[in-house]
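Each chain, letter by letter, is given below.
Protein chains: 2
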Amino acid sequence: MQKIGKSERLIFITSTLVQNPMKLFSLTFFCDKLSCAKSTLSEDIDLISQIFEQTGQGKLETVSGAAGGVYYIPTMKKEDEIEFLNFLKNELQNPERIVSGGFVYINDIVFNPEVIKKAARIFVRLFLEKEIDYIATVEAKGIALASYVAQYFNKPLVVARNSSKFTEGSTVNISYISGTTGKIETMTMAKKAIKKGARVLFIDDFMRGGGTVRGMKDLLSEFESSLVGVGVLIATKDKKSVDVDYKSLLILEKLDAENKRITFSINPQVIS
Amino acid sequence: MQKIGKSERLIFITSTLVQNPMKLFSLTFFCDKLSCAKSTLSEDIDLISQIFEQTGQGKLETVSGAAGGVYYIPTMKKEDEIEFLNFLKNELQNPERIVSGGFVYINDIVFNPEVIKKAARIFVRLFLEKEIDYIATVEAKGIALASYVAQYFNKPLVVARNSSKFTEGSTVNISYISGTTGKIETMTMAKKAIKKGARVLFIDDFMRGGGTVRGMKDLLSEFESSLVGVGVLIATKDKKSVDVDYKSLLILEKLDAENKRITFSINPQVIS
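Chains A and B are the protein sequences, given in the same order. The numbers in this note's numbering rise by one with no breaks, and the one at position 248 of the first sequence is 907. The numbers in this note's numbering rise by one with no breaks, and the one at position 192 of the second sequence is 851.
Excised from the complex, chain A in its bound form:
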């Protein structure tokens, strides 16, 4: 940059932080790039932080000390979360979503970037304190959502598969009972996928009885790693035998396929 004034600094800092969620940038990095004093930079960061808070575009967190700096936390304002969850609820209650077998068609939802970006921001808020090392999901419908959560946490995504693919080298496999199919299924993950002692957040699109979650927990224990949270877009009202902090954004209250009626509610735990 040729002439670097306050305007140029604010544009560069805002764009850099927002494009790299949860990535810590040292003040020295910005001072060098922008040829400015740390005190000047601190004022800029305070201002950006204020505007973000006021407009609900997320938060800036500053870390003091030698290894300190600043990073961006991609969250939303509470009222924007509620507005989004109401939109999602209404969208899902469209009776045309009921497909044969009494299932709900949600592919367009779970692969729509506008929708899953916002859902991912809510999961950031819900699991921010968990010190997560990896985001995990099971193929295939949860991958796009989990990938946004991974981006926002700035952590790698690992994907368990339902059958061992020979392009992954040696794998760890476990069996579990799927709540959706009622059948025994296999979950498999490459041995190279996760380091020992990792803390993992599991993200998926849909949860019934929690069979997949228990499967994931068993799989992770083979990696000497632990499941520290579960975030799903939609859960049924079935009893979940899951002993981990889990949050669903929406709850499927009732699906009456015969009369083409389907009802969701917003999980009160999420917006309380």
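Some clues are possibly wrong.
Note that the list lumps identical chains together, so a pair holds whenever it fits in one copy or between two copies.
[As the list claims (entries may be wrong)] Below, in silico cross-link-like pairs of lysine-lysine (DSSO-like), each with a Cα-Cα straight-line distance of 30 Å or less:
1) K748 with K682
2) K913 with K682
3) K697 with K851
4) K682 with K814
5) K855 with K913
6) K896 with K850
7) K748 with K814
I should point out that these hints are in silico values taken from the structure, not numbers from a laboratory.
Since the structure of chain A is provided, determine the placement of chain B on it from the hints.
Structure of chain B alone, referenced to chain A:
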């Protein structure tokens, strides 16, 4: 916002545009939010545009007229693209990636947000002129990459599956020969997934002979839609019988499993 000066405007506009790639915001939207004149806003946008160009953080495009406005195109500087592709090449050439069967382990790469975000930005540049309506991929390894491309193009992602799942309602199925397995496989997509007459960009992690691409093309023709481009992370040197504009970022030059040597090159078509 209480007091809205130039600094506040620049922070808000930068953050809003960057967080919503390819989404057109009318000047009126910003004028209303920021209580400023259009001429003032135009100056702000010009300045942001200049800083983005200088620092390689993407581009702003302005559209004039009544339906006009401004949007953000997430691209990178040429030298950053080349630096990234060299990094990726070196990362992939690690002999430990060679797994049994003479395959290459790339799961950590294709699910690493830092990597696929940058790859997605290159695909934005490569296919910007194609007037794309959907991004398509096939489960499962390409989903995260395709999901970033979809986010950056601000278009829905559609995912074809290798077996029909009963939760998707009626589906369209086609058979194709996979270059990776050499077997006849099935590709399936929900009937609701794509509207008629759509222009589709296919994104995947790996391409051998192009069987999957031909499969996708056949599948799309069932939706009276057309494949207008193919972007893959890695392609082998095998002859591709594919009659569509396709670009791979890297080329797998040689895999010598016995001597644990693996060589990639950067596709000259991409960086020319």
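Here is what the structure says about each hint:
1. K748 with K682: Classified as between: cross-chain Cα gap 24 Å, same-chain 32 Å, threshold 30 Å.
2. K913 with K682: neither (41 Å within a copy, 36 Å between copies)
3. K697 with K851: neither (42 Å within a copy, 55 Å between copies)
4. K682 with K814: both (10 Å within a copy, 26 Å between copies)
5. K855 with K913: Classified as neither; 41 Å inside a copy, 32 Å across copies.
6. K896 with K850: between (35 Å within a copy, 29 Å between copies)
7. K748 with K814: both (29 Å within a copy, 21 Å between copies)
Comparing the model with each earlier hint shows violations of hints 2, 3, 5; every other hint is respected.
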